[in-house]
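What follows is each chain in one-letter form.
Protein chains: 2
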Amino acid sequence: MSIRIGIFGYGNLGRGIESAIRQNDDLTLAAVFTRRPPETVKIRTEGVPVYHADEAEKHAADIDVMIMCGGSATDLPEQTPALAKLFNVVDSFDTHAKIPEHFAAVNAAAEQSGKVAVISVGWDPGMFSLNRLYAGAVLPEGKDYTFWGKGVSQGHSDAIRRIDGVADAKQYTIPVDAALEAVRSGSCPELTTRQKHLRECFVVAKEGADLARIENEIKTMPNYFADYDTIVHFITKEELDRDHSGIPHGGFVIRTGKTGFDGEHNHVIEYSLKLDSNPEFTSSVIVAYARAAARLNAKGESGCKTVLDIPPVLLSPESAEELRKRLL
Amino acid sequence: MSIRIGIFGYGNLGRGIESAIRQNDDLTLAAVFTRRPPETVKIRTEGVPVYHADEAEKHAADIDVMIMCGGSATDLPEQTPALAKLFNVVDSFDTHAKIPEHFAAVNAAAEQSGKVAVISVGWDPGMFSLNRLYAGAVLPEGKDYTFWGKGVSQGHSDAIRRIDGVADAKQYTIPVDAALEAVRSGSCPELTTRQKHLRECFVVAKEGADLARIENEIKTMPNYFADYDTIVHFITKEELDRDHSGIPHGGFVIRTGKTGFDGEHNHVIEYSLKLDSNPEFTSSVIVAYARAAARLNAKGESGCKTVLDIPPVLLSPESAEELRKRLL
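The listed protein sequences derive, respectively, from chains H and Y. This note's numbering puts the first residue of the first sequence at -15, with every later residue one more than the last. This note's numbering puts the first residue of the second sequence at -15, with every later residue one more than the last.
Simulated from the structure, these hints should not be mistaken for laboratory data. Treat the hints with care, since some could be wrong.
[What the hints assert, rightly or not] Sample of chain H residues facing chain Y (criterion: CB under 8 Å; computed from the structure):
| hint | residue |
| --- | --- |
| 1 | SER3 |
| 2 | GLN7 |
| 3 | PRO84 |
| 4 | TYR118 |
| 5 | GLY120 |
| 6 | LEU123 |
| 7 | TRP132 |
| 8 | VAL136 |
| 9 | HIS251 |
| 10 | SER286 |
| 11 | GLY287 |
| 12 | THR290 |
| 13 | LEU299 |
| 14 | ALA304 |
Ideal placement from N, C-alpha and C gives every residue a C-beta, glycine not left out.
With the rest of the complex left out, here is chain H (with noise of 0.2 Å):
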């Protein structure tokens, strides 16, 4: 029986879950919510409706698993725990310093309401965190590197577009080869912030404003710029959206350690993604929880889990056995 998903808020994230969903035999689009006027609200699957958030409730019979889309800053920590008392729900929640916190709230409203809530879901935290936990447990004498990028930066992006005289503009944030490669060596380096990733910023001025000034502004900019080698390029508006209106990412998680009586033998273990798509591949990540998520529930499970808790045969549409004569 086909696992009913729904959307709850309809951007990136919620397009990026719809066309996940149309991958995946086993999972059908029921409905989405949305805090907009539904009927103006145009979605691509047909047939399926479109909600006021405020009506949830109303279909919690219809819904196996919530995919819970709003942003981190304000929205998921008030939706999820609200959402987690009537649905299984995931979301994509990625404040790392207040993933504990949140996982409380989810956890006592989904412990309540027996469902089953998975939080933080997708590449960083996600994909990520599991491989960080993997190869933290396999080489325990070792050290762990993340890298990101190549890839847009909608914080950074965002920064450049409030200076004074910029009209939009696109960040990417690069990870430095010769950091990579010190990695990879096993070496161990300390790397500072500067030596791991390089920013680059395409940014369209604003008719006779003046640009060495913006320049300085972003290159100096505390927190996001600051502590980087920035590369600042300035083009039109026409080149931007030709050459940069993708949202690419990626990254790497490299970690090295050593085995042996002395610790003679290096290894290391590297994991890394090349995405053309942040949402969309985020998105993946969540519908395939989502089927875990709605199993572990039919199995009796309740409360708050993270990928770090889930085993991860349920994430997969094929049986156990299937999966054991064909990957191990």
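Let chain H serve as the given structure and place chain Y on it in line with the hints.
Structure of chain Y alone, referenced to chain H:
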């Protein structure tokens, strides 16, 4: 409380387990079991007893997890089910085609005894299998590829040693760079055996042996070499011992796949290992799963499991709270 580990069989893998246990504060080596006369087996850890394999039953109360270090061809199919009647066990059974049969035999024994048995642990099967599962679940419309090496194949080295006139030999399996690049490009190439890997052989010939005949016998050997581009070097015993005494290995699991309403976005997931010591890395994976086996059994679980079944959080000595805080 420390988890008490037994080692059943003291060869390369048994020694790797012994050294891996020393890297994990919550694990203790309780005893080594051997089919040789125990007094002839000298181990590295002070104060740990060596018993004859036949005595294992007497020590059932002193061992939380028995790690099976025999070979897949004849030892493990017999030993793992037998020992699972008495102990939680972990093995590294790697005869891919016989895993379903081995699973069934071990599961019957472990269900009956109420113990947990984890089979086929290591890196392939093992970490590579996990990565095929995760990547396949996340990118259902895609294709995955496994490459092995650069590393020593014991089976191929043995096959060369059986040729008349060969004194010793070491064979390296090497992934072909052009094939790796074609896969990473997302073009989903169909690759032949020959296109994926090449085989490099370092051979010590007996005095007066016909080198041309040996080279020809290697290159035309069915199953082992005939389907590959094979390079043969004749070297001296001293060169072999000096330059080829290690047991390095590694490899790559790469999945590429598409997302989007029209499959318009490509993604590449890549996992790779570069290992100085194949048996020590395999051992490091096994001891992490021994920890998981002890924890699962303490929770009341029983029966046969594989890496695909086990929640990642159980592999780490850290608590779930610490891991959420540090890794998500």
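Are SER3(H) and chain Y close enough, Cβ to Cβ, to be under 8 Å, as the hint says?
-> 5 Å, holds
Is the interface hint for VAL136(H) satisfied, with its Cβ closer than 8 Å to some Cβ of chain Y?
-> 13 Å, violated
With chain Y as the partner, please determine if GLY120(H) meets the hint condition of a C-beta pair closer than 8 Å.
-> 7 Å, holds
Interface restraint verdict for GLY287(H) against chain Y (beta-carbon cut-off 8 Å) = 12 Å, violated
Hint status (Cβ of LEU299(H) to nearest Cβ of chain Y, threshold 8 Å) = With a minimum Cβ separation of about 4 Å from chain Y (threshold 8 Å), the hint on LEU299(H) holds.
Holds or violated: SER286(H) as interface residue toward chain Y, Cβ cutoff 8 Å?
-> 16 Å, violated
Should the hint that THR290(H) touches chain Y count as held when the rule is a Cβ pair under 8 Å?
-> 6 Å, holds
May I ask you to test the interface hint for LEU123(H) with respect to chain Y, counting a Cβ-Cβ separation under 8 Å as satisfied?
-> LEU123(H) check passes; min Cβ-Cβ to chain Y is 6 Å, inside 8 Å.
Taking 8 Å as the limit, does the beta-carbon of ALA304(H) come near enough to a beta-carbon in chain Y?
-> 7 Å, holds
Restraint check, 8 Å cut-off on beta carbons, for TYR118(H) near chain Y = 6 Å, holds
Interface restraint verdict for GLN7(H) against chain Y (beta-carbon cut-off 8 Å) = Holds - the Cβ of GLN7(H) comes within 8 Å of chain Y, reaching about 5 Å at its closest.
Per-residue hint verdict: PRO84(H), partner chain Y, C-beta under 8 Å | Since chain Y brings a Cβ to about 6 Å from PRO84(H), closer than 8 Å, the hint holds.
In this structure, the hints that do not hold are numbers 7, 8, 10 and 11, in rising order.
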